[in-house]
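Participant: The primary structure of each chain is shown beneath.
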Amino acid sequence: MTDTARALEAAGEAAEPPAPPDTARPPSQERASLGKDAWLELRARPTVWAAVVTLFLMTAMALAPGILTSLLTEGGDHCDLADSKLGPSAGHPFGFDLQGCDYLAQVIRGTRPSLIAGLAVTAASLLIAVVLGLLCGFYGGWLDALVSRVTDVFFGLPFVLGATVILVAFPDHGLGAMVLVLTVLGWTTMTRIMRSQVIALADADYVRAARMLGARPARLMVRHILPNAITPVIVVAMLNVGAVISGEATLDFLGVGLQYPEVSWGLQLNAAQAFVLDHPHLLFFPALFLSATVLSFILLGDAARDAFDPRLK
Amino acid sequence: MSPAAHPLLEVEDLCVEFRTRRGTIRAVNGLSYTLHEGETLALLGESGSGKSVAAQAVMGLLDTPPAHITRGAVRLRGDDLLALSPERHREVRGTRLSMIFQDALTALNPVLSVGDQLAEMYRVHQGMGRKAALARAVALMDRVRIPAASRRIHDYPHQFSGGMRQRVMIAMALALDPEVVIADEPTTALDVTVQAQIMRLLKQLQSETRMGLLLITHDLGVVAEAADRITVMYAGRTVESASADDLYARPGHPYTRGLLDSVPRLDRLGKPLVPITGAPPLPSSIPAGCAFHPRCPRAEPRCGSEAPPFRTLSPAGHRSACHFAEEVHHAPVG
Amino acid sequence: MWRFVARRLLHALPVLLGTTFLIYTLVFVLPGDPIQGLAGDKPVPPAVLAELRARYHLDDPLWIQYTHYLTGLLTGDLGTTFTGRRVSDLLADRWVVTLQLGLTAWVLEVILGMALGVWAGLRKGKWDDSAVLFGTTLVISVPVFVVGYMAQLVFGVQLGWLPVAGTEEGWPFAFLLPGLVLASFGLAYVARLTRSSLIENLRADYVRTAHSKGLSGRRVVVRHTLRNSLIPVVTFLGLELGGLMAGAIVTEYIFNLPGVGQQLFQSIQLREGPVVVGTTTALVLIFLLANLLVDLLYGLLDPRIRHD
Chain A
0 MTDTARALEA
10 AGEAAEPPAP
20 PDTARPPSQE
30 RASLGKDAWL
40 ELRARPTVWA
50 AVVTLFLMTA
60 MALAPGILTS
70 LLTEGGDHCD
80 LADSKLGPSA
90 GHPFGFDLQG
100 CDYLAQVIRG
110 TRPSLIAGLA
120 VTAASLLIAV
130 VLGLLCGFYG
140 GWLDALVSRV
150 TDVFFGLPFV
160 LGATVILVAF
170 PDHGLGAMVL
180 VLTVLGWTTM
190 TRIMRSQVIA
200 LADADYVRAA
210 RMLGARPARL
220 MVRHILPNAI
230 TPVIVVAMLN
240 VGAVISGEAT
250 LDFLGVGLQY
260 PEVSWGLQLN
270 AAQAFVLDHP
280 HLLFFPALFL
290 SATVLSFILL
300 GDAARDAFDP
310 RLK
Chain B
0 MSPAAHPLLE
10 VEDLCVEFRT
20 RRGTIRAVNG
30 LSYTLHEGET
40 LALLGESGSG
50 KSVAAQAVMG
60 LLDTPPAHIT
70 RGAVRLRGDD
80 LLALSPERHR
90 EVRGTRLSMI
100 FQDALTALNP
110 VLSVGDQLAE
120 MYRVHQGMGR
130 KAALARAVAL
140 MDRVRIPAAS
150 RRIHDYPHQF
160 SGGMRQRVMI
170 AMALALDPEV
180 VIADEPTTAL
190 DVTVQAQIMR
200 LLKQLQSETR
210 MGLLLITHDL
220 GVVAEAADRI
230 TVMYAGRTVE
240 SASADDLYAR
250 PGHPYTRGLL
260 DSVPRLDRLG
270 KPLVPITGAP
280 PLPSSIPAGC
290 AFHPRCPRAE
300 PRCGSEAPPF
310 RTLSPAGHRS
320 ACHFAEEVHH
330 APVG
Chain C
0 MWRFVARRLL
10 HALPVLLGTT
20 FLIYTLVFVL
30 PGDPIQGLAG
40 DKPVPPAVLA
50 ELRARYHLDD
60 PLWIQYTHYL
70 TGLLTGDLGT
80 TFTGRRVSDL
90 LADRWVVTLQ
100 LGLTAWVLEV
110 ILGMALGVWA
120 GLRKGKWDDS
130 AVLFGTTLVI
140 SVPVFVVGYM
150 AQLVFGVQLG
160 WLPVAGTEEG
170 WPFAFLLPGL
180 VLASFGLAYV
190 ARLTRSSLIE
200 NLRADYVRTA
210 HSKGLSGRRV
220 VVRHTLRNSL
230 IPVVTFLGLE
240 LGGLMAGAIV
250 TEYIFNLPGV
260 GQQLFQSIQL
270 REGPVVVGTT
280 TALVLIFLLA
290 NLLVDLLYGL
300 LDPRIRHD
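So the sequences go chain by chain: A, B and C. When we follow numbering that gives the first Met the number 0, the leftmost residue of the first sequence carries the number 0, and every step to the right adds one. When we follow numbering that gives the first Met the number 0, the leftmost residue of the second sequence carries the number 0, and every step to the right adds one. When we follow numbering that gives the first Met the number 0, the leftmost residue of the third sequence carries the number 0, and every step to the right adds one.
Source of the hints: derived by calculation from the structure; they are not laboratory data. What you are looking at is a predicted structure, and each value in this text was computed from that prediction instead of being measured. Be a bit skeptical, because a hint or two may be false.
Said to hold, decoys possible - Partial chain A-side listing against chain C, Cβ under 10 Å, derived:
id, residue
1, P45
2, T46
3, V47
4, V51
5, L156
6, G161
7, G246
8, S290
Said to hold, decoys possible - Pair ranges (Cβ atoms, derived):
id, chain 1, residue 1, chain 2, residue 2, range
9, A, L145, C, T70, 23 to 33 Å
10, B, D62, C, L292, 47 to 57 Å
11, A, L179, C, T70, 49 to 59 Å
12, C, T70, A, L142, 27 to 37 Å
Where is the CB? At the ideal position from N, CA and C, for every residue including glycine.
Please work from the sequences and hints to get the whole structure.
Facilitator: The structure is reproduced here in structure tokens:
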């Protein structure tokens with residue numbers, strides 16, 4: 000809540016009954032102003048700008064690693080074992096990796112799998128969450144019971160454990176399989192949130208009104224419930240991108256995720272672990288890029304939540 | 000001066016504003032009223048008129064920042080409450096000055112038993128032990144006529160009906176026999192039949208204790224039934240004050256007249272209801288001059304530039320802030 | 000109350016069965032023959048192979064294997080590894096290490112997390128609140144294995160305050176650093192959750208009532224706000240109790256702690272099905288019991304929730 004809004008409330012509506020919870024908010028018009036409010040809120044935050052700029056740079060690195068590499072370093076992707084593990088120097092600001100490749104070029108090339116995994120897994124999970132959440136929350140009954148039990152099963156499964164078991168079972172996996180595994184283990188949280196949102200909204204007065212006016216279930220779900228139920232799920236999705244990127248890197252680091260000769264931050268950190276003491280730059284740079292990316296998504300998610308949920312500020 | 004020489008509660012020219020990043024909002028702009036012992040004074044106003052903020056300012060419940068009391072005085076038997084340190088002001092709350100809130104369901108702590116919340120008054124302010132304080136709490140619940148008090152003492156607020164919860168709220172406010180009780184819309188959240196019971200209870204308790212009751216409400220029905228005197232607020236300001244009978248019979252401000260014409264009354268059967276046009280102003284953009292002039296049927300150009308001073312209309316203390324107070328006052332009602 | 004517990008346990012049963020079956024299937028459907036894998040490149044005599052396969056029911060359909068396994072589980076038998084060691088023996092010592100690690104982390108989360116959260120919440124908008132918010136966001140963003148290495152480098156190697164790895168120094172000394180690393184994410188999360196919950200509750204109507212009763216600021220916070228604010232925090236901490244044990248894999252890997260997680264990780268790669276499934280079952284069981292505990296605690300904290 001903005002200070003002005005709070006003051007207004009204190010000044011004006013203190014005697015009014017408390018505002019109904021978010022779920023009972025009527026659609027369309029209110030939502031437009033809420034979106035505008037959210038935008039005003041976001042614009043005023045320097046951290047949001049920093050996150051947007053960071054993610055813009057990361058996207059550029061993921062889309063065109065070659066161009067950036069040749070712009071930023073001498074020799075680009077050229078490797079020479081004689082340079083192995085050399086520290087940062089002019090022309091090679093990040094130093095060299097084990098194979099004597101320019102580390103900046105390698106770190107830039109490591110961006111793509113992280114971003115792809117984060118975005119693809121979140122998009123897939125969001126889709127599952129919206130479909131299952133709408134159907135289960137709206138219809139209830141045996142479908143809801145079944146999906147809820149399955150959700151419980153996957154929710155109870157520890158992440159690293161589950162992913163390791165699956166990935167070891169299929170040794171020749173690439174990024175596609177990683178996305179699949181991370182989705183299978185990651186769809187539950189958003190689905191649960193979506194479902195409870197839908198359950199709350201299916202009972203809201205304006206949905207009942209629409210139902211009494213004869214709206215069909217599909218229309219009720221898509222036009223009336225979805226737009227109002229999705230906001231908290233979107234917020235969680237933004238936070239989720241960061242979590243997935245972190246999880247993917249963890250699996251790479253443990254040696255069960257992507258395998259050489261693929262290039263990713265997690266693999267670079269895996270290779271660095273034996274040399275951390277003498278060559279800290281091997282740990283530092285991929286960790287910095289990884290953390291900055293995760294941080295950016297989390298900052299965006301946090302900001303979106305604060306902007307959309309006035310009660311939390 | 001002896002305490003008796005002072006009125007019980009005197010609020011004079013109170014101004015409260017909220018200072019925020021996006022500007023300053025004047026919620027209360029010069030509110031004055033006087034409450035005497037054993038008397039019920041109604042503070043009447045629409046939502047947005049600043050009446051709740053004014054009550055919280057008197058109680059010392061506003062957070063600074065963003066709220067700032069920029070002018071005025073609040074005197075309880077002559078003691079200026081606004082000049083007290085926060086710690087001294089706290090000692091006054093609950094003991095000499097207490098408050099009943101609108102919605103007892105949210106105003107009572109959901110995770111503490113009703114008995115604990117009542118007993119807390121005795122434990123904190125009188126240093127009583129738990130057992131003794133709980134016994135007093137049972138007596139208190141009896142006093143506000145909660146049936147089977149000794150069995151319900153360990154129940155939680157959600158286990159009571161709305162009316163019973165409001166009785167608990169009242170019991171808490173009356174625990175230490177305060178001199179002044181401020182009731183902020185005490186019946187708004189209740190069913191009509193329960194409303195009447197609660198108001199009757201308040202009046203009964205008042206006759207037992209001689210407390211001064213400040214009744215904050217927007218409900219003319221409640222006011223007519225319970226108030227001895229009425230202060231009408233508009234846009235954070237007092238616009239009229241008079242005895243209840245006088246105000247109903249001969250309102251001295253177009254706003255008050257508008258309010259009376261917009262609700263059904265038994266003494267005006269068969270006459271049409273006339274709503275006040277427009278909406279009350281936002282506290283952030285209060286019109287210049289008389290704040291009511293954009294909605295006023297009698298407005299003239301000077302109303303938009305010149306703030307009307309108070310005029311005394313009768314020896315009994317009927318006062319109104321309108322350039323045409325006398326004309327309104329003497330115009331036939333209805 | 001007891002009916003509630005019984006119903007919840009009944010509720011947890013399909014989840015437990017589902018999870019173990021899932022893991023069981025994944026582990027035993029692995030491409031490749033685990034017995035052959037065990038022998039390496041040496042040829043295994045067909046008779047021995049057949050005998051071993053029969054003993055582990057490897058030739059039966061999956062659901063029969065699973066039933067055999069469940070029957071064993073009910074009689075307290077977690078099975079044996081392919082090399083003939085009882086899984087329960089193999090894991091006994093390791094559970095001690097993991098429990099020590101998990102509980103150390105959990106206690107750090109409870110104490111430090113809630114303290115930081117309350118402090119920041121009460122000082123909302125001040126510089127120390129901003130510092131807590133910034134610090135926790137940072138900790139949440141940095142993957143736990145990076146935190147682990149950083150902590151090892153700084154506190155273990157450069158400052159030399161705490162052991163770098165291993166359990167030689169015993170509890171609690173050897174477990175402080177890995178415990179802190181394991182707790183880092185949850186600790187930051189608890190702090191943020193406590194803070195926002197406290198801030199929201201401080202704005203509640205009943206807090207205003209408490210002030211109007213003339214209570215001291217301290218009493219308003221301690222008696223009228225903290226308990227209400229802790230309800231969501233307790234939920235998270237309950238889930239963490241189980242989550243930390245499972246999450247210990249990475250921490251045990253980095254700090255070379257001989258715990259369940261480390262064993263599990265090795266067993267997955269060696270395809271020792273019984274160990275993997277047995278350990279997973281235990282972990283999920285802890286997780287579910289912790290959930291139940293949370294629900295019961297909930298009823299104590301919030302009288303509006305009734306277990307009947």
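Participant: Evaluate each hint against the coordinates.
Facilitator: Hint-by-hint comparison with the structure:
1. P45: violated (12 Å)
2. T46: holds (9 Å)
3. V47: Violated, because the Cβ-Cβ distance from V47/A to chain C comes to roughly 13 Å (cut-off 10 Å).
4. V51: violated (16 Å)
5. L156: holds (6 Å)
6. G161: holds (8 Å)
7. G246: With Cβ-Cβ at 8 Å, under 10 Å, it holds.
8. S290: holds (4 Å)
9. L145/A - T70/C: 23 to 33 Å: holds (26 Å)
10. D62/B - L292/C: 47 to 57 Å: violated (38 Å)
11. L179/A - T70/C: 49 to 59 Å: violated (33 Å)
12. T70/C - L142/A: 27 to 37 Å: holds (32 Å)
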